[in-house]
Amino acid sequence: MKFTVACSELQKALSKVNGVVPSKSTLPILENILFSLSKNMLKLVATDLEVSMSATIEVRGSEDGTIAVPAKRLMETIRALPDVQLVFHADLSANKIKMITETGEYILMGESSEEFPSIPQFKVEDKIVLQGDMLRRMINRTIFSVSTDELRPAMTGVLLQVKENELRAVTTDGHRLVRINYTGLKTSKLKRDIIVPAKALSLVAKSAEEGDNTLSVDSTHVQFTFGNTTLTSRVIEESYPNYESVIPLDNEKTLTVNKDLLLASARRVALYSSSTTHQIRCSMKKNELKIAAEDADFGGEAKEKIACSYTADELEIGFNSTYLIDILSHIDSDEIEFKLSTAVRAAIITPAKQKPNEDVLMLVMPMRLNA
Amino acid sequence: MPSKIHILQPDLANKIAAGEVVQRPASVVKELVENSLDAYATKISVIVKEAGKSFLQVIDDGEGLSSEDALLAFQRHATSKIATSEDLEAITTLGFRGEALASIAAVAQVEMRTRQEHDDTGTLIRIEGNELKENTKTGMERGTSITVKNLFYNTPARRNFLKTRTTELKNISDVVTRMAIAYPEVAWFYTSDDEPLLDLKPTSPEGRLKDLFGERQFEGLVKVHEKTEYLSMDGFIGKPNFARKSRVEQYLFINRRFIVNKAINHAVFHAYEHLLVKGMFPFYTLNISLDPRHIDVNVHPSKMEVKFENESNIYRFVLSVIRRTLGANDLIPDLTFKSDETFTQFEERLRFSQPSPNRIQPFGSPSAATPNVSRLSPQDSFAEVASSMEADHIDLDQLFGKVERRIADDSMRRDGEVTFPADFKTSGTAPQSRIVPHQALRAAGEQEPVIETRAIWQIHNKYILSQVRTGLLIVDQHVAHERILYEKILANFENSLPTTQQLLFPHTVELNASDYSLVKELAPHLEKIGFDIKLFGKNTVVLEGIPADVRIGNETKILQDVLDEFKNNEHNQTIDARDKIAKSFACKAAIKAGDKLNTTEMIVLIDQLFATSMPYVCPHGRPVVVKISVEELDRRFGRT
Ligand SMILES: Nc1ncnc2c1ncn2[C@@H]1O[C@H](COP(=O)(O)OP(=O)(O)OP(=O)(O)O)[C@@H](O)[C@H]1O
Ligand SMILES: [Mg+2]
Numbered sequence: 002m003k004f005t006v007a008c009s010e011l012q013k014a015l016s017k018v019n020g021v022v023p024s025k026s027t028l029p030i031l032e033n034i035l036f037s038l039s040k041n042m043l044k045l046v047a048t049d050l051e052v053s054m055s056a057t058i059e060v061r062g063s064e065d066g067t068i069a070v071p072a073k074r075l076m077e078t079i080r081a082l083p084d085v086q087l088v089f090h091a092d093l094s095a096n097k098i099k100m101i102t103e104t105g106e107y108i109l110m111g112e113s114s115e116e117f118p119s120i121p122q123f124k125v126e127d128k129i130v131l132q133g134d135m136l137r138r139m140i141n142r143t144i145f146s147v148s149t150d151e152l153r154p155a156m157t158g159v160l161l162q163v164k165e166n167e168l169r170a171v172t173t174d175g176h177r178l179v180r181i182n183y184t185g186l187k188t189s190k191l192k193r194d195i196i197v198p199a200k201a202l203s204l205v206a207k208s209a210e211e212g213d214n215t216l217s218v219d220s221t222h223v224q225f226t227f228g229n230t231t232l233t234s235r236v237i238e239e240s241y242p243n244y245e246s247v248i249p250l251d252n253e254k255t256l257t258v259n260k261d262l263l264l265a266s267a268r269r270v271a272l273y274s275s276s277t278t279h280q281i282r283c284s285m286k287k288n289e290l291k292i293a294a295e296d297a298d299f300g301g302e303a304k305e306k307i308a309c310s311y312t313a314d315e316l317e318i319g320f321n322s323t324y325l326i327d328i329l330s331h332i333d334s335d336e337i338e339f340k341l342s343t344a345v346r347a348a349i350i351t352p353a354k355q356k357p358n359e360d361v362l363m364l365v366m367p368m369r370l371n372a
Numbered sequence: 199m200p201s202k203i204h205i206l207q208p209d210l211a212n213k214i215a216a217g218e219v220v221q222r223p224a225s226v227v228k229e230l231v232e233n234s235l236d237a238y239a240t241k242i243s244v245i246v247k248e249a250g251k252s253f254l255q256v257i258d259d260g261e262g263l264s265s266e267d268a269l270l271a272f273q274r275h276a277t278s279k280i281a282t283s284e285d286l287e288a289i290t291t292l293g294f295r296g297e298a299l300a301s302i303a304a305v306a307q308v309e310m311r312t313r314q315e316h317d318d319t320g321t322l323i324r325i326e327g328n329e330l331k332e333n334t335k336t337g338m339e340r341g342t343s344i345t346v347k348n349l350f351y352n353t354p355a356r357r358n359f360l361k362t363r364t365t366e367l368k369n370i371s372d373v374v375t376r377m378a379i380a381y382p383e384v385a386w387f388y389t390s391d392d393e394p395l396l397d398l399k400p401t402s403p404e405g406r407l408k409d410l411f412g413e414r415q416f417e418g419l420v421k422v423h424e425k426t427e428y429l430s431m432d433g434f435i436g437k438p439n440f441a442r443k444s445r446v447e448q449y450l451f452i453n454r455r456f457i458v459n460k461a462i463n464h465a466v467f468h469a470y471e472h473l474l475v476k477g478m479f480p481f482y483t484l485n486i487s488l489d490p491r492h493i494d495v496n497v498h499p500s501k502m503e504v505k506f507e508n509e510s511n512i513y514r515f516v517l518s519v520i521r522r523t524l525g526a527n528d529l530i531p532d533l534t535f536k537s538d539e540t541f542t543q544f545e546e547r548l549r550f551s552q553p554s555p556n557r558i559q560p561f562g563s564p565s566a567a568t569p570n571v572s573r574l575s576p577q578d579s580f581a582e583v584a585s586s587m588e589a590d591h592i593d594l595d596q597l598f599g600k601v602e603r604r605i606a607d608d609s610m611r612r613d614g615e616v617t618f619p620a621d622f623k624t625s626g627t628a629p630q631s632r633i634v635p636h637q638a639l640r641a642a643g644e645q646e647p648v649i650e651t652r653a654i655w656q657i658h659n660k661y662i663l664s665q666v667r668t669g670l671l672i673v674d675q676h677v678a679h680e681r682i683l684y685e686k687i688l689a690n691f692e693n694s695l696p697t698t699q700q701l702l703f704p705h706t707v708e709l710n711a712s713d714y715s716l717v718k719e720l721a722p723h724l725e726k727i728g729f730d731i732k733l734f735g736k737n738t739v740v741l742e743g744i745p746a747d748v749r750i751g752n753e754t755k756i757l758q759d760v761l762d763e764f765k766n767n768e769h770n771q772t773i774d775a776r777d778k779i780a781k782s783f784a785c786k787a788a789i790k791a792g793d794k795l796n797t798t799e800m801i802v803l804i805d806q807l808f809a810t811s812m813p814y815v816c817p818h819g820r821p822v823v824v825k826i827s828v829e830e831l832d833r834r835f836g837r838t
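Protein sequences, first through last, are from chains A and B.
To get this note's numbering, take the position in the first sequence, counting from 1, and add 1.
To get this note's numbering, take the position in the second sequence, counting from 1, and add 198.
Bound conformation, chain A alone (with noise of 0.2 Å):
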């Protein structure tokens, strides 16, 4: 097996797929990618059983062939490299691999491409299109709130929910939960809901691409492709929890708030919360919101006062810092609104002003105050 390459070209397409490389795994042969030649076709892929990812790029090709390549020592030295012409030379009997450039010679030891666990294939059944700019919008702004509760494997990935015009992304840990929808899709056919894993769609956001991008589905597969490189990913076989039944409608107190004001507010009041419990206590009554924190186990408390805009009843509730400050940094609004009910009801943030064909609900759990 032999090729030419420009090194810039190789690390681009390598550092597509590397990331899914595991660093550490029980298959050592995960922690390698697959090469394959076929003419001046060079195909990289990489996989960590549930999710896979390949890309293709041109090369000068001279003698066909496959191997897995160690993934890290290979980035390194291409890394490593100035933008130089490098021959990739691999002796498939012994598994080495030499790559040759003008003024060096490095040689390391692959495994035989046997070795190297198949990759599902994908029947393409249905698909839509996205645009890589939306498409990484939506699972940033719903991934960190994933549950990491193996126990529950549902709400360890993505729910997305692809419908008529829409595309619905939804994600949950059973203390806050992100619905993002998604208007403006071109009419699809694809009609369906799919939990992705977590990982396959944070691959997924540092990969897409400006413009088009596709999303098709199997039955058991999802698969995403942008331009050269494509990402496959088992979907997670279990029904969704019923999210919408938990949403309230009929939460009536409305508190609008400059976002960044309160999310530094927030931030710094949480630093005087329990390290434990991140407890913090939000008081609201006419136009003031009151943000306040006492750390009961090594003394320290902090409060802090906040012009808004309310207007109904007296409230205090409470909330885990990190889950109010985790969704505050997750909104991009100017002003944003809470929908809230009682003490130990879900309260719901919004913002004040929805993007276009955008409709973004995030919704926390409160920590029920004592005395």
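All the given hints hold, so there is nothing to weed out.
So the derived label-pair ranges between C-beta atoms look like this: (1) Glu10(A) with Arg667(B): 53 to 61 Å; (2) Arg667(B) with Val88(A): 54 to 62 Å; (3) Asn693(B) with Ile248(A): 31 to 39 Å; (4) Gln355(A) with Asn693(B): 41 to 49 Å; (5) Lys421(B) with Ala308(A): 51 to 59 Å; (6) Arg268(A) with Phe734(B): 34 to 42 Å; (7) Asn693(B) with Arg268(A): 24 to 32 Å; (8) Ala711(B) with Lys190(A): 51 to 59 Å; (9) Asp774(B) with Gln355(A): 51 to 59 Å; (10) Asp333(A) with Thr798(B): 23 to 31 Å; (11) Phe734(B) with Ala206(A): 37 to 45 Å.
Calculated directly from the structure, the hints in this document are not laboratory data.
From the three backbone atoms N, C-alpha and C, an ideal C-beta is built for every residue, glycine too.
With chain A fixed as given, assemble chain B with the ligands onto it according to the hints.
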């Protein structure tokens, strides 16, 4: 008919009465030494022969007696110390009955030489069996010397009752040791059969303990000091690893009088909680000072018992002070690996048996084993401990390092769980502030934080390693968190301050019938912990909120886990339901071995651990922290 009842001859009556005061040579020593202390002596010598059976002498440099008083002193009920019954209510001297000298004189041959500062000459009185044999003038320095020969010469039955020489001498040594602890400002000299056993210079309480027990054991002690308007307590208690298999080294004094009191002893013992291995007893020497009107010493002829006006308050006071002192000090066991090299073991032993300069040489050192004083020898018991530990594979060094964390400062610590009754309010600064020592230190800027925040690692997702000033600290993450949660829940029970995270998807739990009724029964306690539970009937409960401490991933199982653990402990009748549920929850909600922690989590865990009242053991008694000193590491790498 002649009457059956008749008045006893005075000498017989005296002999009978003497039986209560003078039971053995040691009681004679005690009475004489008490008299010397009451006479403001600054130097007291105790000289005994044949364990005091044939000869016993106490010499002091106290205020002495006039020749008239010298005679009176031997009269029954003759005392200079109290006059009215009000005086009896507020005894400030060790003696008060006026019986000791009379009792001694009834059963021995006694000679007193005494002289007051401004008298021309001294007085010599010799009495045998209450009969005055001699009364002359004599030349001497100020002070009093009383010689007691042939104790019980006229009551053979009593004489026969005496134990072996070793035992009787040990009893005398105990008396002298107790007195020497209580009166460090007094010089003590003590010989047996011409062999000097103690020669103690006046010193501080600390100095006296060092002189008596050696520097090395002194390092194993923690200072106790607490003062309230009602009473104060001072002294030293042993770190748990210094505990002994018997109660010998427990010294309790009330207004500097050695006493025996089961309740206070129990309070101290109880305060050590799980710190002690079964069958081990802590070293302590404690003096409680309080207005003599609040106690009654006139309970027992030996004057070794005291009745308190309010014993249960004293009990709680002692328990709380000792507990807090233990919690506030560095009790982290220092880990020393068993050394293969026998010479190091040997050196180790040598270190144990090095005599302290103030002690007279052969005192208990193995080379000059004098069996009759061996009980008094601290080194012997050290050697015992040392050798019993060599039997184990890991050798927990008897010594703790220097105080690692400066949490010793009481005012920085969380107050003990026991609240003092109103009249016990501490007069000093109230230890209310709950500032974590770390943060306090950081704020202070000057002192280095004890655990350098970067020097913290997790190994095997199970133990936290951290560099501390004097070595390496190893914390078991699960038991550490268990201790933190346990104390938090107990506090919740007291103050009703649980933090509950409401759940977005209420969690339905189906229980079996017996678990369901258990939940019903425990519901109020579970709520205090932070569970928001709705009983739905049909063996179904709905969890709408969970304690905020429950880690993500544990939410769905926690209730069942706690119930199971609770049932596991059900046979244990001694602890109450609240304690059991606290333990069960702490055990199940705690971080497990295998949970990966990030740096912040580790730091928070350690901060919280050292803010608990007892960071060194988990609620089930397992150790939480061990330390390997730099010296130990150096030794292992042959750097010493
Ligand atoms: N070493 C001494 N120096 C000066 N005075 C002494 C000495 N020993 C005894 N006395 C005097 O003799 C008195 C009688 O002593 P004794 O020990 O018999 O009675 P006590 O000390 O008053 O009461 P208790 O019977 O409780 O000891 C004392 O009250 C004291 O005045
Ligand atoms: Mg007396």
